[in-house]
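Peer 1: Residue strings, one per chain:
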Amino acid sequence: MIDWLRKEFLFHRKVFYINYGMMIVYLIWFSSYSGSLNAYFSVAALMSGIMPVTFQAREDRFRLTALTALLPLSRDGVIRAKYATLWLLMGVGILFSLVVPFVSPLAKISPASLFSSGHPIAFLLLLNIATSFLFPFIIRFGWMGTMVFMVVIQLAGAVLFLISVLLRGQANPFRSVMRAMMGSIRYLMGHPITVSWVLLAAVAVFLLQYLSLKTSQFIYRRKDL
Amino acid sequence: MAPLLEITGLQKDFGGFRLADVTFSVEPGTIMGLIGPNGAGKTTIIKLILDLIGRDDGEIRVFGMDNRSQGVRVRERIGFVFEEPAFYRYLRVERMKSIIAGHYRNWDEGCFQRLCREFELPLKRMVGRLSRGMKAKFALALALSHRADLLILDEPTAGLDPVFRREFLERLLAVIQDEGKSVLFSTHITSDLERIADSITYIRQGKVLFSTPKDQIFEDWAIVKGGEELLTQVLRPYLRGFRQSPLGVKALVSDAGTVRKLLRGSEICFERVTFDELVYFLETGDDHD
Chain A
1 MIDWLRKEFL FHRKVFYINY GMMIVYLIWF SSYSGSLNAY FSVAALMSGI MPVTFQARED
61 RFRLTALTAL LPLSRDGVIR AKYATLWLLM GVGILFSLVV PFVSPLAKIS PASLFSSGHP
121 IAFLLLLNIA TSFLFPFIIR FGWMGTMVFM VVIQLAGAVL FLISVLLRGQ ANPFRSVMRA
181 MMGSIRYLMG HPITVSWVLL AAVAVFLLQY LSLKTSQFIY RRKDL
Chain B
1001 MAPLLEITGL QKDFGGFRLA DVTFSVEPGT IMGLIGPNGA GKTTIIKLIL DLIGRDDGEI
1061 RVFGMDNRSQ GVRVRERIGF VFEEPAFYRY LRVERMKSII AGHYRNWDEG CFQRLCREFE
1121 LPLKRMVGRL SRGMKAKFAL ALALSHRADL LILDEPTAGL DPVFRREFLE RLLAVIQDEG
1181 KSVLFSTHIT SDLERIADSI TYIRQGKVLF STPKDQIFED WAIVKGGEEL LTQVLRPYLR
1241 GFRQSPLGVK ALVSDAGTVR KLLRGSEICF ERVTFDELVY FLETGDDHD
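Chain order of the listed sequences is A and B. Residue numbers are given in the numbering used here: position 64 of the first sequence equals residue 64, and the series is strictly consecutive. To convert a position in the second sequence, counted from 1, into the numbering used here, add 1000.
Treat the hints as calculated values from the structure; they're not laboratory data. For each residue, glycine too, the CB sits at the ideal point set by N, CA and C. Hints should not be assumed to be uniformly reliable.
As the list claims (entries may be wrong) - In silico DSS-like pairs for lysine-lysine, Cα to Cα no more than 27 Å straight-line: (1) B:K1261 / B:K1250; (2) A:K14 / B:K1124; (3) B:K1207 / B:K1261; (4) B:K1124 / A:K214; (5) B:K1250 / B:K1214; (6) B:K1047 / A:K223; (7) B:K1214 / B:K1261; (8) A:K223 / B:K1250.
Stated by the list, open to error - Examples of chain A residues lying across from chain B (beta carbon under 10 Å, computed): (9) A66; (10) L73; (11) F102.
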């Protein structure tokens, strides 16, 4: 595992410095631009989730998957190590997201407000939902698959937008789904932090990541490289 | 002594291409050449041995172990060199080495440093800036430095110039002779194998045409040159391919000993077959299965 993490760091360190450097700059700018905790944590969750996923896709892009599979490692072990890397990088993203409002003199977000509502928990949940879904997808479809997925998502967005325009005055399923999603996020963000809420969130995060890990292992065990 | 690599009844179906009932073995301390035309299934067999792809049926035992269920232990003792080695091109050679070395329990740093000196590998250079030949040598140095007992080489000399290729093969041969390694060497540059192989497995359209010691091939197969008398019904069963020109007939015959007896007294010229000719006549002759 340690050898694997070292390998990951050596492979990706330059991109790590660049990407996470950009992330810090962006978070500093965003925290100075908007005082909205909702917006700040949504952006932070998105960035903290996408960064580790792009690192995973790089291995595929540089055709290093075969090299990895040829090393004396079990396929399940490879996936465990990939998830360990994911969790570490997510941890880095979470740390930066929480530290920026404290250390940036430009931040409009008061550090005291960070933990006054359910924002950090919602942030963690959103982050984990995104990565636990995306990671098995990348294990299965690789770099090109991810690109195709992104394009399909954008096309689907355009189609749904078109539908919502066409159905403006009538019953609009797209708008209903979006409202439900935004309502859920607002509910999560507004929920007060209590011990039971934290425990529930911890169990949800654990289950999401566990199911994602097992799905990825199942996929990778059967994958032809 | 038990074979180092034993493949029995191996099958893999890709829809458009099928590997059917592949069976052969590699004995300890020997070099086996895997030959056949492009698309015959050589790389598929290698990928199956290395468990990069899953088999549909059959058995692959390496060092007496199943290559799937005991894959980690198997890969610990296998070295590999591919036509286009998969390295991260933005790392220096020594950094790339240190990443790979960390995964092998038997890594011999002294051996790696010695091979780098022998191969004149620039450790400080980015992998992406190495020439194709240097990358092949680097891959070979990595393969040998974790004391692999079996080397699997898939077209390692493809794209190398003849001088570099010869040097690479000589280095390979020297190391193998010194250390008693076994090698499975897949290539379509068959002249390489004439120099170094002990046995040959010929793959055609996903099937093993033959798997036999090299000397046996030279005994069993021959090139005959002569007139149209070669195309008689008596000789037809032995002709595995022929080329007719105004100068006469040149043909590949199997069961060369019998053909010699049949043609005793005639002015037919027998020549030792080269692997190039073997592949050429088998793939272009009129005796396709």
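Peer 1: Tell me if the straight-line CA distance from A:K14 to B:K1124 falls inside 27 Å.
Peer 2: Cα-Cα ~17 Å, so holds.
Peer 1: Using 10 Å as the Cβ threshold, decide whether A:A66 counts as touching chain B.
Peer 2: This interface hint holds because 5 Å falls under the 10 Å limit.
Peer 1: Sort out whether B:K1250 lies within 27 Å of A:K223, counting only the CA atoms.
Peer 2: violated, 47 Å
Peer 1: Hint check: B:K1214 vs B:K1261, CA-CA at most 27 Å. Holds or violated?
Peer 2: Answer holds: B:K1214 to B:K1261 is near 22 Å, not above 27 Å.
Peer 1: Between the alpha carbons of B:K1207 and B:K1261, is the straight-line distance 27 Å or under?
Peer 2: Measuring from Cα to Cα gives roughly 31 Å; hence the hint is violated.
Peer 1: When you check the alpha-carbon spacing of B:K1261 and B:K1250, does it fall within 27 Å?
Peer 2: holds, 18 Å
Peer 1: Straight-line Cα separation of B:K1250 and B:K1214 no greater than 27 Å?
Peer 2: holds, 22 Å
Peer 1: Hinted pair, alpha-carbon criterion (27 Å max): B:K1047, A:K223. Please report holds or violated.
Peer 2: Holds, at about 12 Å.
Peer 1: Does B:K1124 pair with A:K214 here, judged by a C-alpha cut-off of 27 Å?
Peer 2: violated, 40 Å
Peer 1: Does the interface hint hold: is A:F102 within less than 10 Å of chain B, judged Cβ to Cβ?
Peer 2: Where the cut-off is 10 Å and the nearest Cβ of chain B is about 35 Å from A:F102, the hint is violated.
Peer 1: Per the CB criterion, is A:L73 less than 10 Å away from chain B?
Peer 2: The hint holds - A:L73 has a Cβ within 10 Å of chain B, the shortest such distance being about 6 Å.
Checked against the numbered hints given earlier, the structure breaks hints 3, 4, 8 and 11 and satisfies all the rest.
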